[in-house]
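Visitor: Each chain, letter by letter, is given below.
Protein chains: 8
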Amino acid sequence: MGLNVYLSGEIHTDWREQIIDGAQGLDITFNSPVTDHDASDDCGVAILGEEPNKYWHDHKGAMVNAIRTRKGIADADVVVVRFGEKYKQWNAAFDAGYAAALGKSLIVLHGPDHQHALKEVDAAALAVAEQPSQVVEVLRYVLTDTLPG
Amino acid sequence: MGLNVYLSGEIHTDWREQIIDGAQGLDITFNSPVTDHDASDDCGVAILGEEPNKYWHDHKGAMVNAIRTRKGIADADVVVVRFGEKYKQWNAAFDAGYAAALGKSLIVLHGPDHQHALKEVDAAALAVAEQPSQVVEVLRYVLTDTLPG
Amino acid sequence: MGLNVYLSGEIHTDWREQIIDGAQGLDITFNSPVTDHDASDDCGVAILGEEPNKYWHDHKGAMVNAIRTRKGIADADVVVVRFGEKYKQWNAAFDAGYAAALGKSLIVLHGPDHQHALKEVDAAALAVAEQPSQVVEVLRYVLTDTLPG
Amino acid sequence: MGLNVYLSGEIHTDWREQIIDGAQGLDITFNSPVTDHDASDDCGVAILGEEPNKYWHDHKGAMVNAIRTRKGIADADVVVVRFGEKYKQWNAAFDAGYAAALGKSLIVLHGPDHQHALKEVDAAALAVAEQPSQVVEVLRYVLTDTLPG
Amino acid sequence: MGLNVYLSGEIHTDWREQIIDGAQGLDITFNSPVTDHDASDDCGVAILGEEPNKYWHDHKGAMVNAIRTRKGIADADVVVVRFGEKYKQWNAAFDAGYAAALGKSLIVLHGPDHQHALKEVDAAALAVAEQPSQVVEVLRYVLTDTLPG
Amino acid sequence: MGLNVYLSGEIHTDWREQIIDGAQGLDITFNSPVTDHDASDDCGVAILGEEPNKYWHDHKGAMVNAIRTRKGIADADVVVVRFGEKYKQWNAAFDAGYAAALGKSLIVLHGPDHQHALKEVDAAALAVAEQPSQVVEVLRYVLTDTLPG
Amino acid sequence: MGLNVYLSGEIHTDWREQIIDGAQGLDITFNSPVTDHDASDDCGVAILGEEPNKYWHDHKGAMVNAIRTRKGIADADVVVVRFGEKYKQWNAAFDAGYAAALGKSLIVLHGPDHQHALKEVDAAALAVAEQPSQVVEVLRYVLTDTLPG
Amino acid sequence: MGLNVYLSGEIHTDWREQIIDGAQGLDITFNSPVTDHDASDDCGVAILGEEPNKYWHDHKGAMVNAIRTRKGIADADVVVVRFGEKYKQWNAAFDAGYAAALGKSLIVLHGPDHQHALKEVDAAALAVAEQPSQVVEVLRYVLTDTLPG
Chain W
1 MGLNVYLSGE
11 IHTDWREQII
21 DGAQGLDITF
31 NSPVTDHDAS
41 DDCGVAILGE
51 EPNKYWHDHK
61 GAMVNAIRTR
71 KGIADADVVV
81 VRFGEKYKQW
91 NAAFDAGYAA
101 ALGKSLIVLH
111 GPDHQHALKE
121 VDAAALAVAE
131 QPSQVVEVLR
141 YVLTDTLPG
Chain Y
1 MGLNVYLSGE
11 IHTDWREQII
21 DGAQGLDITF
31 NSPVTDHDAS
41 DDCGVAILGE
51 EPNKYWHDHK
61 GAMVNAIRTR
71 KGIADADVVV
81 VRFGEKYKQW
91 NAAFDAGYAA
101 ALGKSLIVLH
111 GPDHQHALKE
121 VDAAALAVAE
131 QPSQVVEVLR
141 YVLTDTLPG
Chain D
1 MGLNVYLSGE
11 IHTDWREQII
21 DGAQGLDITF
31 NSPVTDHDAS
41 DDCGVAILGE
51 EPNKYWHDHK
61 GAMVNAIRTR
71 KGIADADVVV
81 VRFGEKYKQW
91 NAAFDAGYAA
101 ALGKSLIVLH
111 GPDHQHALKE
121 VDAAALAVAE
131 QPSQVVEVLR
141 YVLTDTLPG
Chain P
1 MGLNVYLSGE
11 IHTDWREQII
21 DGAQGLDITF
31 NSPVTDHDAS
41 DDCGVAILGE
51 EPNKYWHDHK
61 GAMVNAIRTR
71 KGIADADVVV
81 VRFGEKYKQW
91 NAAFDAGYAA
101 ALGKSLIVLH
111 GPDHQHALKE
121 VDAAALAVAE
131 QPSQVVEVLR
141 YVLTDTLPG
Chain F
1 MGLNVYLSGE
11 IHTDWREQII
21 DGAQGLDITF
31 NSPVTDHDAS
41 DDCGVAILGE
51 EPNKYWHDHK
61 GAMVNAIRTR
71 KGIADADVVV
81 VRFGEKYKQW
91 NAAFDAGYAA
101 ALGKSLIVLH
111 GPDHQHALKE
121 VDAAALAVAE
131 QPSQVVEVLR
141 YVLTDTLPG
Chain V
1 MGLNVYLSGE
11 IHTDWREQII
21 DGAQGLDITF
31 NSPVTDHDAS
41 DDCGVAILGE
51 EPNKYWHDHK
61 GAMVNAIRTR
71 KGIADADVVV
81 VRFGEKYKQW
91 NAAFDAGYAA
101 ALGKSLIVLH
111 GPDHQHALKE
121 VDAAALAVAE
131 QPSQVVEVLR
141 YVLTDTLPG
Chain Z
1 MGLNVYLSGE
11 IHTDWREQII
21 DGAQGLDITF
31 NSPVTDHDAS
41 DDCGVAILGE
51 EPNKYWHDHK
61 GAMVNAIRTR
71 KGIADADVVV
81 VRFGEKYKQW
91 NAAFDAGYAA
101 ALGKSLIVLH
111 GPDHQHALKE
121 VDAAALAVAE
131 QPSQVVEVLR
141 YVLTDTLPG
Chain A
1 MGLNVYLSGE
11 IHTDWREQII
21 DGAQGLDITF
31 NSPVTDHDAS
41 DDCGVAILGE
51 EPNKYWHDHK
61 GAMVNAIRTR
71 KGIADADVVV
81 VRFGEKYKQW
91 NAAFDAGYAA
101 ALGKSLIVLH
111 GPDHQHALKE
121 VDAAALAVAE
131 QPSQVVEVLR
141 YVLTDTLPG
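These protein sequences, in sequence, are chains W, Y, D, P, F, V, Z and A.
Residue numbers for the first sequence follow our numbering, beginning at 1 and rising by one.
Residue numbers for the second sequence follow our numbering, beginning at 1 and rising by one.
Residue numbers for the third sequence follow our numbering, beginning at 1 and rising by one.
Residue numbers for the fourth sequence follow our numbering, beginning at 1 and rising by one.
Residue numbers for the fifth sequence follow our numbering, beginning at 1 and rising by one.
Residue numbers for the sixth sequence follow our numbering, beginning at 1 and rising by one.
Residue numbers for the seventh sequence follow our numbering, beginning at 1 and rising by one.
Residue numbers for the eighth sequence follow our numbering, beginning at 1 and rising by one.
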């Protein structure tokens with residue numbers, strides 16, 4: 001058994017790298033959204049033409065990014081969604097809902113401060129972790145029956 | 001043609017009442033989550049037994065609320081998701097993602113301040129409104145071909 | 001057995017009225033897109049705010065109209081798509097493809113001049129008619145076993 | 001992440017070659033309908049027997065071509081639909097509707113003259129481009145995070 | 001609990017009437033294909049225009065009949081398929097396969113002579129009966145918990 | 001909002017009556033399997049003919065009962081599965097798995113002794129109750145926002 | 001583009017070999033049911049235990065064969081169903097209905113004598129051929145754009 | 001044709017090894033749940049944090065194990081479910097129901113003592129075996145047309 005894992009959510013810390021590094025040697029294909037903030041914001045207008053109105057500027061980019069996001073979630077066996085300390089991160093919660101409706105196995109990753117606010121998201125998950133290393137351990141256990149320590 | 005409309009999101013203003021009142025006379029069935037904040041938080045433990053740990057307290061409630069939320073979204077033709085001025089509102093974004101994955105027609109309702117943060121949610125919507133009255137006008141037009149004014 | 005029939009396509013002749021009138025007495029619910037051309041073009045900006053750019057003006061309207069179109073096709077047992085003599089009518093062909101992919105029974109209505117250009121659309125249909133009265137006769141036969149004459 | 005891309009629509013210009021050439025080096029599998037106009041028109045009767053009636057001649061061919069078209073769209077992550085300057089091109093719009101109903105990511109490619117007539121098709125798309133090179137740039141960005149220039 | 005039951009197959013004996021009569025008082029909606037043999041054969045050309053070629057004559061009729069058959073099976077909870085003593089009855093077996101693939105509860109009705117030839121069809125069924133009265137008893141038991149005698 | 005609730009599992013105590021009685025006044029349609037143990041065991045042979053082999057005797061009955069069970073679960077918004085003190089009750093766990101795979105909201109009802117043995121079933125549920133009255137309270141809350149006491 | 005093709009139906013002539021031989025060099029994976037008549041009839045009892053009753057003997061075998069048949073059809077892009085000159089061949093028509101309901105591209109292969117009896121099956125097909133070589137030509141055209149001659 | 005086979009159920013005898021060993025040389029990918037009883041029970045708390053309450057201890061583990069179980073069943077063509085002599089084994093019956101609802105080919109493996117208690121599970125199966133060697137023979141026959149002996 002191998003796994004296809006999509007890493008959604010926060011783009012300002014290195015949690016994706018921690019998970020991918022920690023999972024070396026496991027039969028996992030990782031996918032992610034574009035994590036270059038500026039490219040992600042501007043991709044629509046940079047390719048398909050300028051928009052003077054900020055709303056449509058954002059809209060065009062969000063649509064182009066959706067090509068990648070939908071493919072990443074559709075192909076995934078497991079979707080990990082990370083909520084960081086800052087920002088609204090509504091796209092992360094949107095991805096979690098999208099993945100849940102498709103019946104994907106959901107792992108949510110967030111600090112204890114967000115427990116109450118994320119209770120509906122956590123309730124749709126099969127695992128709720130605080131540290132990227134815990135996500136790695138879940139994936140390792142699922143694929144190899146091995147517990148840490 | 002009649003419509004089943006689910007009203008998801010913010011529970012601290014009267015936007016649901018504004019839409020339901022405004023839509024009187026239209027062939028629409030409205031459903032909503034439980035909007036009594038305390039009941040929504042405590043329903044799990046009040047019915048199924050106390051939990052000393054706040055996480056499981058929240059979890060039990062979120063699971064019970066999901067019975068209603070899933071039914072409401074599954075039955076809906078149109079899902080309206082309102083993002084208010086305050087709080088994280090991750091459950092609103094989760095519902096939006098869930099509805100989008102099921103192919104529901106999505107209407108997002110929020111003020112202009114949230115445009116950038118909600119661009120991925122808006123990109124999945126068929127209408128983005130700032131006022132509840134605009135949602136009413138969209139529903140009226142869809143059902144009766146009538147434009148405002 | 002009753003039928004839900006969606007009447008898609010051309011909006012400049014009275015073919016819908018001919019079918020609905022001819023089908024009186026049959027257990028059929030008919031739905032259609034908005035057929036007021038101006039309302040259909042302007043609904044987006046009239047409700048959700050002006051757009052100086054004609055592309056977004058059109059886009060907003062097309063999105064709002066999609067709420068009705070999707071519901072109409074999703075609910076339908078039979079989708080009738082009419083191609084008239086004029087205009088590109090790409091939305092009609094789009095609806096036909098959409099309905100075909102959902103496994104709806106498709107009836108295509110067009111004059112003999114369009115046979116070659118519509119061959120892929122006709123190939124997805126269960127009936128190809130030239131006159132609205134033939135559509136009525138198909139529906140009458142399906143519901144009552146009665147052939148004309 | 002790799003992509004399977006289906007190139008639907010106009011067959012009289014070299015837009016497919018431009019996209020395939022431009023996308024060299026990217027992990028993309030391209031599929032297309034048969035683009036030999038005569039073979040596409042005559043395949044049914046050439047293999048399965050002559051038809052004196054032009055309608056059934058066309059019909060037999062359209063059915064055989066549908067084996068390829070359905071497979072191509074079903075396998076695709078992204079469906080690009082090109083509308084050229086000439087002809088009715090209803091099969092292109094049909095493919096777009098078919099792809100949209102299956103939840104495929106849709107990219108529409110057409111000149112500015114067709115904006116109004118294609119507004120319903122564009123409204124179902126995640127990207128609307130005027131040039132094949134823009135389609136290449138969208139695919140490159142989706143797969144490699146790289147913006148042009 | 002009520003049931004929607006589709007009665008497919010043989011049209012030359014009164015087995016449908018026996019079942020419908022026997023089931024009086026039960027909460028069942030029955031649907032059937034057109035059972036007027038001549039109307040069923042000729043409906044296509046009678047409505048949509050003559051065909052000199054017998055194959056297309058038959059084809060047009062089969063397509064029109066499919067509008068009713070598909071609707072009947074799609075709406076059904078239970079599909080009863082009757083194989084009589086005569087003819088090939090491939091449409092009956094086709095309906096059985098179609099119903100099985102959709103997950104419908106299948107009841108097959110045939111005499112003991114056909115057991116070996118129908119073993120693949122019977123293997124997809126939840127009940128195999130020899131007499132219409134047995135089908136009535138199955139439906140009565142399912143709806144009312146009542147066994148015969 | 002109304003609910004369709006299927007009551008699966010144990011047939012030797014009056015838990016179904018407790019729930020149905022307790023839920024009087026709520027907009028709920030309840031369905032259940034046949035709870036007459038002898039009828040349930042013998043329905044196959046009583047209607048479709050005797051079987052000397054006990055395995056096929058049981059098999060015929062289980063198939064006929066499946067017509068009702070599948071319909072009951074397919075129509076349900078909520079599936080309640082009760083595990084009693086005695087017997088293997090594998091059909092109850094089978095129904096729970098079947099309902100979970102269809103995305104139904106699952107409520108599991110069992111005493112504390114079975115917690116460890118039912119952990120996989122409970123993990124698929126949105127509520128785990130020990131008393132029928134708790135199931136009633138969950139349903140009342142979901143439909144009316146009202147908490148007990 | 002490659003194709004997965006399932007060859008269903010008649011097992012007493014060499015039509016499968018003709019198609020597979022003719023298709024050499026094309027990117028096609030062929031699958032078939034077990035075509036050893038005796039093995040197919042006896043597989044159930046030979047592996048799972050004798051049955052004195054011929055009905056259950058047949059039933060056990062048909063169930064085991066269904067493991068292969070379902071997999072073969074589920075994996076297929078194209079299902080070819082051959083009706084020979086003899087026998088009832090209800091399993092062939094059942095497979096055709098099953099494949100049609102799953103949206104598979106269907107090619108039916110039969111002589112002209114069966115045209116009327118197979119009109120409902122042919123009406124669900126994208127190609128109707130009389131010779132195995134025509135099936136090969138369809139597959140070659142679909143994969144390589146090449147017409148015969 | 002190759003097969004993906006998921007081996008669910010009893011973990012205290014070597015039936016999985018017998019099947020995997022017996023099937024050597026066949027084109028089969030086998031998957032299983034974690035069969036280390038202690039690891040399976042404790043995986044949740046070992047990775048995601050201790051729980052003083054045994055119910056949540058079990059729950060966390062069952063959720064993590066579900067990531068593997070769901071993937072294993074979703075990927076499977078054939079699900080084999082083994083019921084041993086001891087324990088409640090409700091998770092085995094749950095998996096059987098889950099697999100049945102997804103339309104997987106189900107093989108049930110149990111001793112004659114359990115026939116009556118498992119009649120509903122057996123009724124959903126395509127083969128019921130008493131010995132692991134019979135499961136191997138079924139798989140060998142399905143893949144190679146070869147009967148034992």
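In case anyone wonders, no lab produced these hints; they're calculated from the structure.
Every value quoted in this text rests on a predicted model; they were computed, and no experiment measured them.
For every residue, glycine included, the Cβ atom is placed at its ideal position computed from N, Cα and C.
A hint or two may mislead.
[What the hints assert, rightly or not] Below, simulated DSSO-like cross-link-like pairs (lysine-lysine); rule was C-alpha separation at most 30 Å, straight line:
no., chain 1, residue 1, chain 2, residue 2
1, F, Lys54, Z, Lys88
2, P, Lys86, D, Lys88
3, Y, Lys54, W, Lys86
4, Z, Lys86, Z, Lys54
5, F, Lys88, Z, Lys54
6, A, Lys54, V, Lys54
7, D, Lys54, D, Lys86
[Said to hold, decoys possible] For each label pair, taking beta carbons as the anchor points, the in silico distance ranges come out as:
no., chain 1, residue 1, chain 2, residue 2, range
8, Z, Thr13, D, Tyr87, 34 to 40 Å
9, F, Glu130, Y, Gly25, 56 to 62 Å
10, A, Glu85, V, Pro52, 24 to 30 Å
11, W, Thr35, Y, Gly25, 38 to 44 Å
12, Z, Asn53, V, Gly2, 56 to 62 Å
13, Z, Thr13, V, Asp75, 44 to 50 Å
14, V, Asp36, A, Thr146, 44 to 50 Å
[Stated by the list, open to error] Far from chain Y, by Cβ distances over 10 Å, these chain D residues were calculated:
no., residue
15, Asn31
16, Asp36
17, Gly49
18, Glu50
19, Val64
20, Asp75
21, Leu147
Visitor: Does the Cβ pair Thr13 of chain Z, Tyr87 of chain D satisfy 34 to 40 Å?
Guide: 53 Å, violated
Visitor: Does the no-contact call for Val64 of chain D survive, Cβ to all of chain Y over 10 Å?
Guide: The assertion about Val64 of chain D is violated, with a minimum of 6 Å to chain Y.
Visitor: Say whether it holds or is violated: Glu50 of chain D keeps its Cβ farther than 10 Å from all Cβ of chain Y.
Guide: 13 Å, holds
Visitor: May I ask you to test the hint 44 to 50 Å on the CB atoms belonging to Thr13 of chain Z and Asp75 of chain V?
Guide: 46 Å, holds
Visitor: Does the structure keep Lys86 of chain P and Lys88 of chain D at a Cα separation of 30 Å or less?
Guide: OK: Lys86 of chain P and Lys88 of chain D at ~10 Å, within 30 Å.
Visitor: Verify the proposed pairing of Lys54 of chain Y with Lys86 of chain W, using a straight-line Cα cut of 30 Å.
Guide: Holds. Lys54 of chain Y to Lys86 of chain W sits at ~23 Å (cutoff 30 Å).
Visitor: Using the beta carbons of Asn53 of chain Z and Gly2 of chain V, state whether their distance is inside 56 to 62 Å or not.
Guide: Violated, since Asn53 of chain Z and Gly2 of chain V (Cβ atoms, about 47 Å apart) do not stay within the stated range.
Visitor: Holds or violated: Lys54 of chain D with Lys86 of chain D, Cα cutoff 30 Å?
Guide: 23 Å, holds
Visitor: Just double-check Asp36 of chain D for me: nearest Cβ-Cβ distance to chain Y has to come out over 10 Å.
Guide: Violated: least Cβ distance 6 Å, not greater than 10 Å.
Visitor: Honestly, do Glu130 of chain F and Gly25 of chain Y meet the 56 to 62 Å range at C-beta?
Guide: 57 Å, holds
Visitor: Within 30 Å, alpha carbon to alpha carbon, are Lys86 of chain Z and Lys54 of chain Z?
Guide: Measuring from Cα to Cα gives roughly 23 Å; hence the hint holds.
Visitor: Are Lys54 of chain A and Lys54 of chain V close enough, with their CA atoms no more than 30 Å apart?
Guide: 42 Å, violated
Violated hints for the displayed structure, listed by number in ascending order: 6, 8, 11, 12, 15, 16, 17, 19, 20.
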